[in-house]
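Student: Could you fit the two chains together into a complex? Lean on the hints.
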Amino acid sequence: MINNKARNTQSALQRVRDRKGSLGFMILPVVLLAGLGTGCATQTQASAMAAGAEVTSGPPPLAPLGPPPIPLDNKQSPEKIELGKLLFFDVRLGGDASTGCSTCHEPTQGWAWAEDFSRGYPGTVHWRNSQTIINSAYYPRLFWAGSSSSLENQARAAARGGVAGNGENDIMEARLALIPEYVTRFRDVFGTEWPLIRDAWRAISAYERTLVQRDTPLDKYLQGDKSALTEQQVRGKKLYEGKAGCIQCHNGAMATDFSYYNIGVPPNRRWEEDGLAQVTFRFEQYAKGQTEEGYRKAKSDWGFYYRTKNKWDRGKFRTPSLRYTMYTAPYMHNGVFYTMEEVVDFYNRGGLDEEGRTTPFPENKSKFIRPLGLTGEEKEDLIAFIEAFSGEEILVSPPELPNYAPLFTKQELMEAKK
Amino acid sequence: MGVQLSTRRGLLAVALGAVLAAPVVIAADIGPLPALKYDKAKAELGKRLFFDVRLSGDAAIACSTCHDPANGFSSPTALSKGYPGNGHFRNAPSVINAGHKKVWLHDGRIGTSLNDVTREMITEDYIMNMDMRIMQERLKQDPVYVKMFKDAGYGEPSNGKVRKAIPEYLMSLTSKNVPFDKGTMSAEAKRGMKLFTGKAGCVQCHNGPLFTDQKAHNTGVPENFDVFLNPMNHQAFLAFAMFQGIENYMNLKRDPGYYNVTTDKADMGKFITPSLRELKYTAPYMHNGMLETLDDVVAFYNNGGGEDSNKSSLLKPLGLSKSERGDLVAFLLSLSGDPLTGAEYVWQEPYPEEYEAIANWRKVRN
Numbered sequence: 001m002i003n004n005k006a007r008n009t010q011s012a013l014q015r016v017r018d019r020k021g022s023l024g025f026m027i028l029p030v031v032l033l034a035g036l037g038t039g040c041a042t043q044t045q046a047s048a049m050a051a052g053a054e055v056t057s058g059p060p061p062l063a064p065l066g067p068p069p070i071p072l073d074n075k076q077s078p079e080k081i082e083l084g085k086l087l088f089f090d091v092r093l094g095g096d097a098s099t100g101c102s103t104c105h106e107p108t109q110g111w112a113w114a115e116d117f118s119r120g121y122p123g124t125v126h127w128r129n130s131q132t133i134i135n136s137a138y139y140p141r142l143f144w145a146g147s148s149s150s151l152e153n154q155a156r157a158a159a160r161g162g163v164a165g166n167g168e169n170d171i172m173e174a175r176l177a178l179i180p181e182y183v184t185r186f187r188d189v190f191g192t193e194w195p196l197i198r199d200a201w202r203a204i205s206a207y208e209r210t211l212v213q214r215d216t217p218l219d220k221y222l223q224g225d226k227s228a229l230t231e232q233q234v235r236g237k238k239l240y241e242g243k244a245g246c247i248q249c250h251n252g253a254m255a256t257d258f259s260y261y262n263i264g265v266p267p268n269r270r271w272e273e274d275g276l277a278q279v280t281f282r283f284e285q286y287a288k289g290q291t292e293e294g295y296r297k298a299k300s301d302w303g304f305y306y307r308t309k310n311k312w313d314r315g316k317f318r319t320p321s322l323r324y325t326m327y328t329a330p331y332m333h334n335g336v337f338y339t340m341e342e343v344v345d346f347y348n349r350g351g352l353d354e355e356g357r358t359t360p361f362p363e364n365k366s367k368f369i370r371p372l373g374l375t376g377e378e379k380e381d382l383i384a385f386i387e388a389f390s391g392e393e394i395l396v397s398p399p400e401l402p403n404y405a406p407l408f409t410k411q412e413l414m415e416a417k418k
Numbered sequence: 001m002g003v004q005l006s007t008r009r010g011l012l013a014v015a016l017g018a019v020l021a022a023p024v025v026i027a028a029d030i031g032p033l034p035a036l037k038y039d040k041a042k043a044e045l046g047k048r049l050f051f052d053v054r055l056s057g058d059a060a061i062a063c064s065t066c067h068d069p070a071n072g073f074s075s076p077t078a079l080s081k082g083y084p085g086n087g088h089f090r091n092a093p094s095v096i097n098a099g100h101k102k103v104w105l106h107d108g109r110i111g112t113s114l115n116d117v118t119r120e121m122i123t124e125d126y127i128m129n130m131d132m133r134i135m136q137e138r139l140k141q142d143p144v145y146v147k148m149f150k151d152a153g154y155g156e157p158s159n160g161k162v163r164k165a166i167p168e169y170l171m172s173l174t175s176k177n178v179p180f181d182k183g184t185m186s187a188e189a190k191r192g193m194k195l196f197t198g199k200a201g202c203v204q205c206h207n208g209p210l211f212t213d214q215k216a217h218n219t220g221v222p223e224n225f226d227v228f229l230n231p232m233n234h235q236a237f238l239a240f241a242m243f244q245g246i247e248n249y250m251n252l253k254r255d256p257g258y259y260n261v262t263t264d265k266a267d268m269g270k271f272i273t274p275s276l277r278e279l280k281y282t283a284p285y286m287h288n289g290m291l292e293t294l295d296d297v298v299a300f301y302n303n304g305g306g307e308d309s310n311k312s313s314l315l316k317p318l319g320l321s322k323s324e325r326g327d328l329v330a331f332l333l334s335l336s337g338d339p340l341t342g343a344e345y346v347w348q349e350p351y352p353e354e355y356e357a358i359a360n361w362r363k364v365r366n
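Line order of the protein sequences matches chains A and B.
If you use the numbering used here, the first sequence closes out at 418, no skipped numbers anywhere.
If you use the numbering used here, the second sequence closes out at 366, no skipped numbers anywhere.
Isolated chain B (complex conformation) (with noise of 0.2 Å):
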């Protein structure tokens, strides 16, 4: 260790960590995560919704298309897609485990359901924009989700059982054969989780099976300036603060987090503590996308995170050597399961092209 402390810097570095080392008093409630229940056939209907493009007002993007499987089912890009016309102001994160959380999105503006997250993301009109009832309609319109409610014994297609079947499918969304739950770590990444949890003081916040505390800091990550420097995501980001109803919100030149929920100001800046979960798939990191990978994650930390008036007094410079900072990033790695880009868990089978029209129409009860 002391090798790599030939600087000042590094030295004082040091001397802080040590000192924060030593009162973490924080109990590591950290362990493997239990499966969640979830119907087959409820999920299997849900899994098909959220990779459907008619679930958006224009029929051109599903849930899939922010929330991308092939990167642990969030936005590759550091600022998600947004609804054509506009652009976005956050990453997206990913939903795997999202089933497992009692408080959603980076501001944690939504604590009651998934079923109500579900609701935000389809109707929300820089998301999905989507009017429910023109969505049931469309349902209703194909003859294979008539049978799939039918069968899921949720009778016909209706707005509120999208509204089930969906979470039900994100509950299938667990993390699966992870290397710390099945006790198979590399001895690099048993080092990192003893700094973990002990000297780099991550567990104050990343703790409990799903590693986070579910609560509100600020961490001083960077803005993102493309928020406010491109208009497409600027007028999503203006949407948002309109619809929530954000005092001054022409001049805000930030992100205010989860001050949204609260109005207090001391809440500037904070956002919900995220799992590390599945993080091998799921760069960029953090609200915004700013830190590109793990190492820069670790590096941000080093320094005892960015710069912010109202930055958590939990963080403070680390001084973690560069092996140290590989067994973090080994730990860090060692808590993402296989990639769940399987027919399990990725609808593969086409959507019809057209709608068919219902036969003997005149007939027939709508």
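This is chain A alone, in the form it adopts within the complex (with noise of 0.2 Å):
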């Protein structure tokens, strides 16, 4: 929203980085209409589905993953998917060239990473869970409460914020312009002299359509092959579709409506014990917008609220997909369960943990989740079927990176005029 290379109005005293050096709580109208305009839609579009579900036609069924969506604006290309690929995995774009897009989608941790709170930028750790790359393409919303519109748009948004890459475009720009081999690849893919950041988000947005998963046991089963599920398996479909609840919200080819719910997810404990966690707690509380009073008293995530502001969003989130779900533990927008027999008990006692802890705000909890009455043999074919949702692990090298060089020669500074 803030341009921070506004640069030809501004007198050269005025050019400070509006984004870092701005405090202050957020009451911006603009905003707030634009969250409500949301909210209405994801609303109304939540409850004519849970309508539906219960009264008409049904859920949505599963069905085998076609191919991602592809915007007209950003086509694929073998070059600029290669080119994307290397901008995945090259650190210089983030603030102290550290910190990368893999930094915390590391392939060997499911593209993700294998701690409740994902790392954080050096000196920072996250809030949330670092989410899965692998399918990310065919989500309309991208992040935990759906922030961002579009793969192009959330990249660019990683890499900035601050406990994430905190690159600011011009340094990241300037990077890429010292890079020879990256010049070339921009001129090829893109056509400009130099090379744009936005354009580096594109990149790197195509080759994360790229990151895909459609032959899973569970694919080859909807498609005809009743081999590729265990006996076990398909009894745990029975139970998904039915006496366990989970087809209504996690429903069709990706196994998710979209839509945002609050299932009495609990918030973590590492903010009651964790001094790095609550200066990151606080610090999102700004970053998300809150009011001054918010600020001040919230301890969980409010997640769907932040975009919304509406009071019944407090501790919603997006459905995630349950594919590739093998590979991402821990679980959840704050990773608080670290695996799928706590996931599944936690729904099976209608979304309580262990301790019967629950979201603080259970007035928004939604109907759908309640006592599910799971034998254990029960619970057992239905983390089996959940494990067919993930095929082979996805696995690549990171990619041999190129140096930077200089831009002119000694003979050509010598030559400069002055």
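Treat the hints as calculated values from the structure; they're not laboratory data.
Nothing false has been slipped in among the hints.
Now the stretches of chain B that chain A is said to cover, found in silico as 3 or more residues with beta-carbon under 8 Å:
#1 78-88
#2 128-141
#3 216-226
#4 248-255
#5 306-318
#6 349-357
Virtual Cβ for every residue (Gly too), placed ideally from N, Cα, C.
Tutor: Take a look at the structure:
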């Protein structure tokens, strides 16, 4: 929203980094309105779906995953994808050239980070669990609370966020310009004389659109290969679609309705014990546009509320896909559950953890979340079925990255007129 | 004097020098520097902040990393360090006596207050790259700061108060026990002072108790090619130029200096006249550290400055003899006081290694 490069109108004396210098609670009416708009739409969508689920035809069935949608203004090409891969693994696309996309989306950790809270930019810790990149191409909105509307915007936000990449556009663009191989590759792919940072996000997005998995046992089963699931998994599928009710939200080809619910996930205890996590917690209240009072009293992640500012959206998060979850523990927006057993026990208790903790906003909890009465065997069947959402682990070795080189020769510098 | 003037070049120099020396009409207004008023508790807080790496984005560098007390609060290398991951394209000037100035940074792009300079240092991506909202929360997490902010009358730690406390500390960094101020200069230095205000013409620009007119001049200091040959430095330069909106920045092969502020081509390569106090500690010299010693600086001026199509007409070869050059250096050194390296100026207690958790977190207000 804020153009850090706002150059023309301001005098040199006034040019300061607005984002980094600003401190104040955002009560911008524009933001509020935009938020409300989205909120209403989603609310209606959600209730329509709820009504549908309970009264008429039922939620969309699970389905094999098709190819990911490709935006018209960012078509795929092999050269773009290759460039995007380099950039995804290049830590120079971050503040101190130590933290790139792959740092927190580590292929050997499910293209995510295997701790409850993601690691942060050096000197920080994140406040949410790192999400997998695999299949992120299918989400209409990105992040746990859906705050980003495309992979392109998401990459930009990730590289710049204070506890993520903490990089500013100008220095990142300057770095790209000093890496000759990038200059050539950007020119070939985007036709610009010098690399533009927004094209870096486009190339990364193109690469991310190749990180999809469409050949899981479930995909094969749904395409007619009845041997792709074990008997136990078939029993689990029945529970999923029936008694356990998972299908009400985790439905369709991505096993998500892309809607927002409060399912009762309790706050992460780490905020009570870990000073560094407390620092980030308070920062995020600012960054997410809390009111002064909200900043003072928040003790958990209010999720979808930050976008809509509606009380009833507190503690709601986007239904995540269940694909590839075999590799992405821990689970939930704050990583409170380390195993699928814990997740299923949580649902079975009706959205309570083993100590009986739940969301601080129980009034917002989805009516779909209630004690399920699953037996031990049924829980095992369900877990076995959830494994069918994951195929082989997707591993790639990090590419060799191109080096910096000086832009001018000494001769050219000596000849420059003074 | 005649002894040294055996070469043709020397003779010429003296002739020009004489021409120059004669019409110098600028009245020397040099004299002792008054101390600045500051609040002890606020300055003490500012001191702790100045040396605290938690004020940078990745908690790796402090103000003092570049403004090194052992080097008169300036950078000992020609080009300053930068934020980790990049270098820098200028020398970090001493912050001693910065509280006396009206314009800051080599190109003079800040003319408002030290509060604004502090913000620039903290938030600029190639300097400390700090999101001040994170900084504020880090400080609120340190009980020592919570108490110090309160004791200083600032209430709870905040970004705005950091930008007040650090300038307060900078006010405490002024020249102490300077021979020139105390009138205890050596005979050599006294002779140098005559040259400074007379034949050498230095006072035309280095005037007033700070020995600067705080205006921009082009002295023709050569470019430091390391800015452009080392991609680490060059990327900081490019980021700066992009952010400042300097056109055609990819092709720039020189530091535009004051041109950045006025966008008037005539200001290309001009830099703000620096103070001449505390030079004893602050080598190397000039905006890009191109001159290593004061002897080099005086030799530079003796040659009439460097080469630049835009060079100030006030600079002409001076024809100073070797002993005159020595006198001038002695005078420059007499403008330096005690080193500000003791506990009064340098924070010496350790900082906590971790952020202590706030107890009873669920119950207390954030």
